[in-house]
Structure formats: C-alpha cells, structure tokens
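*Asks:* Could you build the full structure based on these sequences and the hints that come with them?
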Amino acid sequence: MVSEVFVATRSDRKSGVYTWTPIVLAMLFAGEAQGFGRFSYSLILPPLLKTSLHSVFLTGTLGTINVGAYLAGSIFVTWKSKRISGVRFIRMGLVTSVVGLALFGLSESFPFFSLAMALMGFGGAMIWISSPALAAAAVAERRKGWAIGLVGAGIGVAITIEAQVAKVFVHLHGTLEWKALLFAEAGVGLLITLAAFIFLHDTPKAETASSLSQTSLFDGESGTLPKRNILFAAYMAYGFVQAIFLTYIVTALNHDHHYAATTSQSIFSLVGFISIFGGVLSGRWSDPSRDRGTVMFFSFIGMGLAGVAVVSGSLPFVIVGSFLYGFGMSGVPNLVAAYIGDFSKGALFARTFAMVTLFFGITQAIGPQIGSAIASASGSFTIDFVIVVVVSSIGAILALLIRPKKLNPVDL
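Each residue of the sequence shown is one higher than the last, beginning at 3 in the working numbering.
I should point out that these hints are in silico values taken from the structure, not numbers from a laboratory.
Zero decoy hints are in this set.
Now the in silico label distances, taken between C-beta atoms and shown as ranges:
(1) Leu193 - Gln166: 16 to 22 Å
(2) Asn231 - His260: 40 to 46 Å
(3) His203 - Arg286: 29 to 35 Å
Idealized CB from N, CA, C, for every residue including glycine.
*Replies:* Now the structure itself:
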C-alpha cells in the first residue's frame, strides 16, 4: 500500500477549519525549511565572516554544502516517494532541519558548520517538496495556484520575522550575534515539529506501487508534463539567481556600498515581506487562464531589475528592487508548482515536483561557490549581481516558451 503525498488533518472535512489547517501548517513547514534552514544564512553571514570563518571562499563553500544537501534530499524524495508518505517526509525533514540549526549555533569550527548546513539542506528538501501538495489537496483544482502561493508566503513571513529579530541581536558581542538568531529559530522549529506530529496523519491511498509507476513524467500517458525540459531549465535559472542574490545581498550592500548592518538587514526583511504576497498573487493571476508562463516572465524580469539595483547601490533603487525581487522570489517557484499541478496530482505531483527540484538544486549548489570565487578574485560583488541580471533574462525567455498552446489540466 502506498500513502498519498498529501496528508489529512484530524479536523472535519466539512468545516472551514479543514481547509485552512493544512494550508497554515504547510506555511509553517515551508517557513522552517526555507526561511530558517536556508535563508537565515544570509543574515548571519556578515558576523560569521567577521568572527569565525574570515574567508569569503569558505562562506561560499558552506552555501554550496547546504544546497548540495538539498539536491541530495530531492533525489531521496524522488527515489522513495512511492514508499514514504508526505507526512513522514515532512516529519523527518523537520527533525533533521531543527537539529542542523541547533548544531550550527553550538559549533565553532568549519567541519561542524558544514555538517549543520548539510542537515538543514537535506531536511529542507524533504519538507519543501511535500508541503505544496498538502495545501493543494485542501482546495478545489481551480484554486491550486492560490493555495500553493500561500505555502510560499510562509517562507516570506519567516524571512521577514528573522530579519527583524536579527536587528535585535546585532548589538551582541562576538559570535553571540549570530548564534542567538539560530538558537531562536531552532526553538521555533521545535514547536513546528511538534505540530507536525500532533496534527498530521497519513491518508492511505488505494493505489499500488505498480499502478503508480505506470504513469510516468517521461512517458506518453496522462502523466506527461508539456514542455518539461524548458520548465526544468527555467527553474535552473531561478535557482542560480536565488543562490547568488539571497546569499550575498546583505554582504554586498555592507561591503560594496557601505550600508549599515541594520539597513542591509532591513532590505533583506523587505524582500521577505514582499515575497509573502508574490506567490499568492502570481497564483491568483494565473489560475483563471492557467497561463503560468506569462506571469513567470514578468517575475524573472523583476528579479533581473533587482540585480541592476544592487549593482547601482542607490538606496531608492535598492528598495524598489527589493519589491521586484520579493515578488519573483515567491512567484516563480509557486508558478512552477502550479504548472505541475495542472497536469498531475497526489503522489505523481510529489515525484514530479521532486524531479524539477533536482534541476533547481544543481544551480543552487554551484551558485554560492561561483559567487564567492568571483567576489574573492574581484574584491567586490558587482560581477555576481551582473550575472544575476543575465541569468534572469535567460529565465524570462524560457518562461515565455513554456506557455502551452493547448492546456489539458487534470480534473477541471
């Protein structure tokens, strides 16, 4: 017996609580996986560089380890999705990610930093791949984009909150400045993990492993995803842009343009705040026509303009760029997930989303390392953000190409 990737709550299906409970839980899970386990690194990077690592190359290596482990986690989910239910992936991912956060806070050396980043990356993949299906299963087919957008909004909420909390800790001395943030996030993550064990349970699916395997992303049956290779390439472009921009924006503003620490953290917080709405709006705008490609095109354009703003260093431009990037940051992954949801559901959705995440993970893995190498060689982050502009433009072109001439979404 195979368990379906989405999970049910103990709430009554007939009540409005049932609709919102899995969505809110999915938002919390995504916030812990990505907001804490991935993007908190951008906030702790400047004090970590100053107090512990003293090397831009090593900070880039840690970023690569994190997203490399995320890639490994994506492979694991793809491999085991026929045997392990979504709720088990979420629970295992939360435990792994929280342990990683606590370990990083307790560590003082690069080997333990590396292990902690690997745990957060691997756990984050298990959580993030399973969470959108949890939300999508709670709503009608025509509202999938909206529901998945809300899951992405959870990441934005986490980023916004952690950036504000980081400003509280900025006056602490030495390593405590960044350790305090990680300990706080580990505590919140523990509460979210407990919620996953209390409120979620598996829903068996009356399908065998052999029947599931008959519907493949790469065969000619109903599981075929139109223009999948172009979609994968677009998500790879997004992954590379994301790896450079969010990893180094705070450090670039501090180092290249001499922003105060609190100002650059506020910019990061603004990006997170706007991302709360980007995924929801992109889903809402694209749901009626199922034209995910056009909205994705404008999301990529906005991210490219944000790269231009960081290169300029002008605070008004950077603020506008934060708005644009925040929208694209949550808009693109939501649109990718919604596009997949238009043509698959249940366990097939999870496997498909895991597979596209593999391609995303490849560029996420190499992005920080390339960015740190360029910054070390050039002495600034200008070239890094020029690359953000170029790759965003490539992503915009690919987004237009995924617009299908004839949609055949499931269960309309």
